[in-house]
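Peer 1: Sequence:
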Amino acid sequence: MPDFEDDKYVPIPAKPGDCVLIHGSVIHKSARNNTEKPRIVYTYHVVEKANEWSKENWLQPTERLPFPSVYNN
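Quick note on the UniProt record's numbering: the sequence shown kicks off at 1 and runs consecutively.
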């Protein structure tokens, strides 16, 4: 992935407890947590079954932890 200039990012203010949804094609980042409190996040990925999951993605299903189906057509 190419480097992106910091001034090209657009900050999205969020308070503790806010939910931020980010499309998978959006390049994004978080600023450093400079507090003593941990930044707790919950990451949820949704991929339509007809799409192919990239083998280069950091998140991969395993036999022990496969990707579950969320719904059936």
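Simulated from the structure, these hints should not be mistaken for laboratory data. Check before you lean on any hint, since a few could be wrong.
As the list claims (entries may be wrong) - Simulated crosslink set (BS3-like; lysine-lysine; CA at most 27 angstroms straight-line):
| no. | residue 1 | residue 2 |
| --- | --- | --- |
| 1 | Lys-55 | Lys-37 |
| 2 | Lys-29 | Lys-15 |
| 3 | Lys-49 | Lys-15 |
| 4 | Lys-55 | Lys-29 |
Peer 1: Against each hint, give a clear statement of whether it holds in the structure.
Peer 2: Tested hints:
Our distance criterion of 27 angstroms between C-alpha atoms is broken by Lys-55 and Lys-37, whose separation comes to about 34 angstroms. For the given pair, Lys-29 sits about 16 angstroms from Lys-15 by alpha-carbon distance, which is consistent with the 27 angstroms threshold. Our distance criterion of 27 angstroms between C-alpha atoms is broken by Lys-49 and Lys-15, whose separation comes to about 33 angstroms. A distance of roughly 22 angstroms separates the Cα atoms of Lys-55 and Lys-29; the hinted pair therefore holds under the 27 angstroms criterion.
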